[in-house]
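Participant: Residue numbers (my numbering), protein chains in the order written: chain A, 1 to 463; chain B, 1 to 463.
Just so you know, the hints here were simulated from the structure itself, not pulled from any lab data. Please note: incorrect hints may appear among the correct ones.
When chains are identical, the list treats them as one kind, so a pair holds in a single copy or across two.
What the hints assert, rightly or not - Lysine to aspartate or glutamate pairs mimicking EDC-like chemistry, simulated, CA-CA at most 16 Å apart:
#1 LYS75 to GLU29
#2 LYS445 to ASP123
#3 LYS75 to ASP432
#4 LYS75 to ASP51
#5 LYS351 to ASP439
#6 LYS229 to ASP267
#7 LYS229 to GLU194
#8 LYS448 to GLU29
#9 LYS351 to ASP312
#10 LYS445 to GLU396
#11 LYS99 to GLU110
#12 LYS448 to GLU396
For clarity, every value in this text was computed on a predicted model and none was experimentally measured.
Chain residues, written in single-letter form:
Number of protein chains: 2
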Amino acid sequence: MCESSLEKSGSEFPGGHPRRADWVLLNAEWIVTCDSKMQSFSSGGMAITGDTISAVGPSHLIASQFTAQRTLDLKGCMIIPGLVNTHTHAAMSVFRGMKDDLPLQRWLFEVIFPAERRIADPDMVYWGTLLSCAEMLTGGITTFCDGYFFEEAAVRAAMDSGMRAVLGQGILDTAAPDQDGEEQSRDRAAAFIESFPGNIGRLRPSLFCHSPYTCSAGTLQWVKAFCRKHRVLYQVHVAETAIEVAESTALHGLRPVARLDELGVLDTGTLCVHAVWLDQEEIRILARRGAGVSHNAESNMKLASGVAPIPDLLSSGVTVGLGTDSCAGNNNLDLFSEMDKAAKLHKVFRKDPVVCGASQVLRMATLDGARALGWHDDTGSLEAGKKADLTIIDIERPHLAPLYDPVSHLVYAVKASDVRHVWVDGVQVVSDGRVLTIDVPSAMKEVKRLARKAGGLDGTSIP
Amino acid sequence: MCESSLEKSGSEFPGGHPRRADWVLLNAEWIVTCDSKMQSFSSGGMAITGDTISAVGPSHLIASQFTAQRTLDLKGCMIIPGLVNTHTHAAMSVFRGMKDDLPLQRWLFEVIFPAERRIADPDMVYWGTLLSCAEMLTGGITTFCDGYFFEEAAVRAAMDSGMRAVLGQGILDTAAPDQDGEEQSRDRAAAFIESFPGNIGRLRPSLFCHSPYTCSAGTLQWVKAFCRKHRVLYQVHVAETAIEVAESTALHGLRPVARLDELGVLDTGTLCVHAVWLDQEEIRILARRGAGVSHNAESNMKLASGVAPIPDLLSSGVTVGLGTDSCAGNNNLDLFSEMDKAAKLHKVFRKDPVVCGASQVLRMATLDGARALGWHDDTGSLEAGKKADLTIIDIERPHLAPLYDPVSHLVYAVKASDVRHVWVDGVQVVSDGRVLTIDVPSAMKEVKRLARKAGGLDGTSIP
């Protein structure tokens with residue numbers, strides 16, 4: 001039983017009148033709140049007013065205390081917080097499955113980078129991001145944290161999709177599709193942040209230093225200072241491969257995370273993406289600085305990067321969220337699949353079926369993911385007063401019967417395709433599996449057009 | 001281009017009349033045949049006559065050479081062979097997610113075995129198996145290889161479902177739900193095989209010796225002799241955990257697979273399930289004897305059993321199929337998810353993104369799976385003359401755009417929920433995602449009733 005919600009919402013009114021809400025959701029078989037106590041309860045209901053959750057509680061109490069124009073009976077359904085994808089490069093759906101099963105360097109230098117040189121531009125970023133938003137929304141993801149080039153176009157796509165998003169302009173000192181060298185990259189950073197639309201609460205800007213090996217110390221620090229000044233999230237890929245660690249140690253005498261700490265860029269406003277190769281001291285550093293980690297199990301597996309020390313990070317108190325990485329190398333944007341993989345990967349790697357239990361993994365995909373992005377006051381759990389970001393799952397399906405434990409099901413049995421309805425910021429964006437905000441066939445058509453341009457289709461050869 | 005099919009089918013008839021078929025499938029965007037050359041081609045068609053594939057080839061040739069009462073336009077779809085699930089205990093869907101994240105021995109002895117004692121009977125086996133068939137069919141699986149108790153009830157469920165199946169009566173020397181001790185287990189084996197309905201070509205009997213540690217040497221050998229006499233598949237769980245290997249070595253001076261070889265039970269009619277902990281000599285033994293292996297990546301990950309040496313088995317020429325294991329411990333029966341996991345698990349475990357490529361993994365889920373069951377003459381690939389077991393996938397979905405390579409998509413991007421139509425033995429059993437042979441709501445209702453009886457629901461406590 002979820003004790004807190006109706007009280008918090010102030011909706012107990014013996015003898016009073018029902019309160020008005022925009023949406024009342026009733027009779028959910030289960031509500032999994034993902035609040036700090038990971039409370040779940042059956043026969044639940046919710047009320048949504050504007051962009052905010054007014055109340056979460058027993059269905060009969062919600063029914064008696066709220067009236068709304070739109071009421072939805074959720075028999076046979078489960079309500080969970082919208083999932084939080086802490087790492088992707090959404091535009092790269094254009095390269096989904098372009099070439100697989102190659103060594104990382106060949107894949108990057110012979111397939112992806114040349115394809116980016118051929119087609120990365122605002123048009124590609126807009127359509128690739130929009131298609132990714134469609135995929136994420138239909139899979140129950142309401143918030144994503146992005147990093148790419150021409151990120152203004154990703155902002156437009158996120159705006160059109162209705163999703164909550166942290167949108168990070170990518171920064172490199174080497175040549176990139178929308179910048180060329182250290183000075184230009186700083187101009188790009190400044191231009192992006194300063195032109196970011198300030199009037200849409202569900203969109204936040206960010207800067208994404210590609211990595212400690214593609215950005216100079218000066219750039220890493222300058223960008224962090226700029227992020228601090230503008231109070232925006234600083235993202236960085238770090239310690240993804242063993243080679244990166246060896247090179248950092250050889251060049252700088254420090255492992256990557258230790259070096260980022262020496263450069264002073266680790267704090268609660270920093271998101272370390274991948275963080276696969278960490279020693280114990282680096283885990284302590286991350287915990288001490290309060291930096292978040294985005295764990296990308298499928299990407300790390302498929303590219304054979306390694307297995308991040310997630311159980312150690314969690315037991316050290318580091319905030320860990322889950323991320324899909326780009327679907328160029330994954331090859332999807334499916335957090336249900338990521339949850340299942342993360343739970344199972346760490347068990348077999350640690351030879352311990354108890355580590356990364358369902359509840360812990362579900363938290364990584366919801367509240368802890370939101371916390372890693374610094375957005376947990378608004379999203380990541382179902383609690384009165386938070387933004388109404390929620391995902392409704394149809395549990396009346398053969399692969400979900402019987403149901404002993406809703407949290408177990410969410411990690412080990414539910415699939416992205418079981419998502420039926422989704423709300424972001426109080427607005428319904430998916431209804432019966434259909435995205436209401438995006439013309440999906442058009443987005444698919446545009447992405448297929450771009451894929452032909454990228455090569456590998458219609459006779460254009462790829463390596 | 002698939003060169004072989006139309007020629008093989010004898011359907012080239014310059015100047016002749018079109019042949020009659022029962023089904024003509026046209027305009028598939030892709031056909032992935034999974035034949036010995038792993039040929040795929042675009043704009044494909046197929047003709048089905050009775051239970052057999054009459055032809056596979058370019059759509060325009062199929063259209064000009066066949067007439068049929070029922071023609072299906074498969075624009076936006078891909079045709080693949082029906083998937084082959086080489087290992088499950090289908091009845092155990094009743095225990096799906098009953099308890100997770102426990103050490104194996106506690107899970108077995110405190111959760112699963114007591115639940116089986118409470119409810120395993122023909123009623124439970126029938127409904128549990130039938131629900132599993134619904135899950136497998138909607139996920140594109142056309143053949144499954146089963147092992148459980150009261151297996152006659154599983155035979156009835158498989159019969160009703162329309163699936164192709166190898167149905168194995170479980171054999172233990174210790175107490176089991178439908179037998180008690182060595183003598184009785186032999187009677188059960190004999191009774192099962194001798195009463196097996198011989199008139200349904202898509203069902204085959206089998207015996208499943210639970211393991212070398214729960215069956216005596218005498219039972220292992222007696223059952224194998226009985227299987228040889230009746231020419232049926234002999235299944236055995238072997239080398240699943242490191243503890244099993246240590247105990248076998250201590251008790252018998254031999255590792256499990258080496259011991260099975262010494263007992264003379266390994267040959268092309270034996271399926272070794274799990275085969276996680278093998279040394280190089282045991283891999284050579286499996287290759288020499290021609291025994292098949294069922295690889296259960298998700299089960300091995302979730303139970304932290306270990307990582308099977310699949311790349312070594314494959315390079316040694318051992319036939320490896322994929323299996324879901326029971327959904328009590330997995331917690332689903334999804335071979336698309338198994339393919340994705342297997343491909344990614346071995347990459348990260350071997351630190352090599354090249355191992356277990358998409359093509360190799362897809363073969364394990366199709367033709368090699370059929371081969372491991374000794375049924376590759378009939379199923380596992382789309383070739384004229386084989387039984388018509390096929391799965392149609394809707395590729396016009398946001399998470400499948402663009403499509404550079406159909407085989408990559410099948411392993412890394414397609415989900416079970418993308419399955420649209422399924423044929424088994426020439427009969428359409430799934431249409432637009434709906435199972436035609438099973439009353440799915442009834443099966444779900446019955447399984448929920450059994451789950452309440454099993455404990456853990458409606459107030460009955462589980463450990």
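Participant: Have a look at LYS445 and GLU396 and pick one of within, between, both or neither, based on CA distance no larger than 16 Å.
Facilitator: between (33 Å within a copy, 10 Å between copies)
Participant: Regarding LYS229 and GLU194, is the shortest C-alpha distance of 16 Å or less found within a copy, between copies, in both, or in neither?
Facilitator: within (12 Å within a copy, 80 Å between copies)
Participant: Between LYS229 and ASP267, at a C-alpha cutoff of 16 Å, which is it: within one copy, between copies, both, or neither?
Facilitator: within (14 Å within a copy, 70 Å between copies)
Participant: Between the shortest in-copy and the shortest cross-copy C-alpha distance, which are at most 16 Å for LYS75 and GLU29: within, between, both, or neither?
Facilitator: Within one copy only: 6 Å inside a chain, 38 Å across chains, cut-off 16 Å.
Participant: Given a CA cutoff of 16 Å, do LYS351 and ASP312 count as a within-copy pair, a between-copy pair, both, or neither?
Facilitator: Intra 14 Å, inter 21 Å, cutoff 16 Å: intra-copy only.
Participant: When no copy is named, should LYS445 and ASP123 be tagged within, between, both, or neither for a Cα gap of at most 16 Å?
Facilitator: Within. Shortest intra-copy distance 13 Å satisfies the 16 Å Cα cut-off; inter-copy 50 Å does not.
Participant: Using 16 Å as the alpha-carbon threshold, which applies to LYS99 and GLU110: within, between, both, or neither?
Facilitator: Result: close within a single copy only, 10 Å intra versus 46 Å inter.
Participant: With identical chains treated as interchangeable, where does the CA-CA distance between LYS448 and GLU29 reach 16 Å or less: within a copy, between copies, both, or neither?
Facilitator: between (40 Å within a copy, 14 Å between copies)
Participant: Using 16 Å as the alpha-carbon threshold, which applies to LYS75 and ASP432: within, between, both, or neither?
Facilitator: within (14 Å within a copy, 24 Å between copies)
Participant: One pair to classify: LYS75 and ASP51, alpha carbons no more than 16 Å apart. Within, between, both, or neither?
Facilitator: This pair counts as neither: shortest intra-copy Cα distance 24 Å, inter-copy 41 Å.
Participant: Checking LYS448 and GLU396: alpha-carbon separation at most 16 Å within a copy, between copies, both or neither?
Facilitator: between (34 Å within a copy, 11 Å between copies)
Participant: Is the C-alpha distance from LYS351 to ASP439 at most 16 Å within one copy, between copies, in both cases, or in neither?
Facilitator: neither (46 Å within a copy, 41 Å between copies)
Of the numbered hints stated above, those contradicted by the structure are hints 4, 5, listed in ascending order.
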